[in-house]
Structure formats: C-alpha cells, structure tokens
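Asks: Here the protein sequences line up with chains A and B, keeping their order.
Taking numbering that gives the first Met the number 0, the leading residue of the first sequence gets 0, the next gets one more, and so forth.
Taking numbering that gives the first Met the number 0, the leading residue of the second sequence gets 0, the next gets one more, and so forth.
It is worth saying that the hints were derived from the structure and are not from the lab.
Don't take each hint at face value.
Unchecked claim - Think about it this way: if two alpha-carbon atoms lie no more than 25 Å apart in a straight line, the pair counts; the simulated SDA-like pairs of lysine to any residue are: (1) Lys172/B / Gly212/B; (2) Lys9/A / Thr152/B; (3) Lys1/A / Leu56/B; (4) Lys39/A / Gly212/B; (5) Lys1/A / His76/A; (6) Lys172/B / Ala140/B; (7) Lys9/A / Arg184/B; (8) Lys39/A / Phe109/B; (9) Lys39/A / Ser72/A; (10) Lys39/A / Asp54/B; (11) Lys9/A / Lys172/B; (12) Lys9/A / Asp151/B; (13) Lys9/A / Glu71/A; (14) Lys9/A / His64/B; (15) Lys9/A / Glu47/A; (16) Lys39/A / Arg108/B; (17) Lys9/A / Gly212/B; (18) Lys39/A / Arg63/A; (19) Lys1/A / Asp151/B; (20) Lys39/A / Arg62/A; (21) Lys1/A / Glu44/A; (22) Lys9/A / Asp143/B; (23) Lys9/A / Asp149/B; (24) Lys172/B / Leu153/B; (25) Lys9/A / Arg54/A.
Here the structure is a predicted model, which is why all the values come from computation and not from measurement.
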Amino acid sequence: MKVAVTVMLKDGVLDPQGRAIGQALTTLGFGGIGEVRAGKLIELELAETDPERARARATEMARRLLANPVIESFSVHIPTEA
Amino acid sequence: MRAGIVVFPGINRERDMAIAIESCFGQAPRLVWHHETDLAGLDLLVLPGGFSYGDYLRCGAMAAHSPVMGAVAAHARRGGYVLGVCNGFQILTEAGLLPGALLRNAGLRFLSMDCFLRVERADTVFTSRWAAGEVFRAPMAHGDGNYTADADTLDRLEGEGRVAFRYVDADGKTSAAANLNGSARAIAGIYSDNARVLGLMPHPEDLVDPLLGGVDGRPLFDSLAAALVA
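When you get a sec, could you build the whole thing from the sequences and use the hints?
Replies: Laid out in structure tokens, this is it:
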C-alpha cells in the first residue's frame, strides 16, 4: 500500500527556497503571488493492507527520520487509486 | 590522549582534520569507519565536514542514524569529548546531541570564504588557549549553516553559556553583514550542557599552519591537547 508523507518547514521558519521560487515566478510575469513555501513529498510503498496501520507506521517513520521536528512538520495521507 | 575521526561516506574534510590533530596533538588520530561501534580508548571523537550520504533528505540526517552514532552518543553520555565541524555539526543536531538545526543559508548561496568568529567563553576544553571575546579568522564552506532553534532554546543556550562562537566582523562586533548565513543570534557554534560536545560550522582545522595561510584555528586543537594530556 502506498503512503505519502508531506514534509514542510514549520510556520515561522524562514524558507529562503520558497521565497526564491516566488521571486522567480514574479519575474516570469505571474502576478499576485503571496508567500511560497517549498517542501518534500515522500512516497512509501509499505507491506500493509490496513490503511490505519500503514498511516501509523508512516507517522512513526516521519517522527524518527523523515522530518526533523525542530524545523519541520509533516502530514501523512494515503493516495486514492486513480 | 587519543582522537578518532569518524568517516562517513561522502565526508571530504577528514584529512584536513587529521593533519590538524596530528600537528597539535603529536599523535595521529584513528580514522573510524561509520560501521564501527567499538570506540574504546578514544578520548575525543571528531565528526568532520563534507557531505555525508550525499546530504540526502537533510544534511546529516542519514549519518545521524548510522551504526557508529550509537557509540558516539554513548561516548557523549559518559562525558567524552565530541567535536563536530560543518557537516559534523549538522550530524550532531540531527542525532539530538546538540539542540537546534541548520537551515539553508539565508541568502541561498553556498558560502566558501573566510569569516570572523568571536570566542564567547574561554573556560572550556575547546577554547582555553583563547581569551573570552577574542576574534579569530576561520574558513567556512557550507550551504546549510543557518543555525536555528526556537526562542526558548536560544534563550536557554545563551543563559547557560552554551554559545561557543558567534559570527562577527573583524572588530568583534555582531552585525547583519557579518552574520553571513543568517544564523539565529549570529550563532556559529554551540556546546552541550556539559560543554564537552561542541559543534560549529566554520573550519578551524584549515588554519593550523602558516603554510595554509595562518594559524588562527590552532588554539582549538592546542586547547584540546592541553586539556586531554593533563
């Protein structure tokens, strides 16, 4: 079962990469851009069939490695099959 | 006194560190591979600079969970000395041996240049050969050296005298211009609560010989040699 973990810098942590992306978009002529924040999406293929157990395992993985709680927050979701 | 340098795949500053240690300690360090777990007989463990595991996920994140780090943490818990420079500092924060984290430089650029550091206290095993407030030059070479921690942690670090070095100008004054990577409160290096674990971003090991352009970094290693031989 596939699980997706999204890792973002916490609110309030300066995201210079996001800001640079925003500036580049403005340079390209895209108007009305507010704050831009960049993060990571990590897809895990887990040997689980129960969504709740898969979610719990991915959450534990995020806590231990995928996200650094000092600077990042994360969310776990199970993508719906297309 | 015996020093060990922990070598992770992707590290590239271990030889500079070995030269500095041998030059100041009079004894070559042991190079410890990241799979080793027996660090018996080593008084000082050094985590050098580089790009451990390609800096995948976050700088230092993979190295922090490698087999050797359990032994490094046990060494620190026993009151052993640990020095982490650059990627080594990032690894120490990722491993939870030092608080806070290192973010992308505020200006987004990789900074390869000299900086000036102010020694915040001179009563630790790492800094006894300096005077408090003394300024020295050190090369820096990093893309992710922007130290951050929450305000409570920063207040605690300052209150407990755990800020080791700050980015300053040549006169020892902090300023936005001198704080090249945008670190919180211009922090370039911090100590653990027992001041036996030190992490810093710049590279004192690269200024230990006049042939390298100066000896500004030498007091760090002379301090350690004096403390650990005694």
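Asks: Next, verify each hint and record whether it holds.
Replies: Going through the hints against the structure:
no., hint, verdict
1, Lys172/B / Gly212/B, "holds (24 Å)"
2, Lys9/A / Thr152/B, "holds (16 Å)"
3, Lys1/A / Leu56/B, "holds (19 Å)"
4, Lys39/A / Gly212/B, "violated (41 Å)"
5, Lys1/A / His76/A, "holds (9 Å)"
6, Lys172/B / Ala140/B, "holds (22 Å)"
7, Lys9/A / Arg184/B, "holds (19 Å)"
8, Lys39/A / Phe109/B, "holds (21 Å)"
9, Lys39/A / Ser72/A, "holds (11 Å)"
10, Lys39/A / Asp54/B, "holds (14 Å)"
11, Lys9/A / Lys172/B, "violated (31 Å)"
12, Lys9/A / Asp151/B, "holds (16 Å)"
13, Lys9/A / Glu71/A, "holds (5 Å)"
14, Lys9/A / His64/B, "holds (23 Å)"
15, Lys9/A / Glu47/A, "violated (29 Å)"
16, Lys39/A / Arg108/B, "holds (20 Å)"
17, Lys9/A / Gly212/B, "violated (41 Å)"
18, Lys39/A / Arg63/A, "holds (16 Å)"
19, Lys1/A / Asp151/B, "violated (38 Å)"
20, Lys39/A / Arg62/A, "holds (15 Å)"
21, Lys1/A / Glu44/A, "holds (5 Å)"
22, Lys9/A / Asp143/B, "holds (17 Å)"
23, Lys9/A / Asp149/B, "holds (11 Å)"
24, Lys172/B / Leu153/B, "holds (19 Å)"
25, Lys9/A / Arg54/A, "holds (21 Å)"
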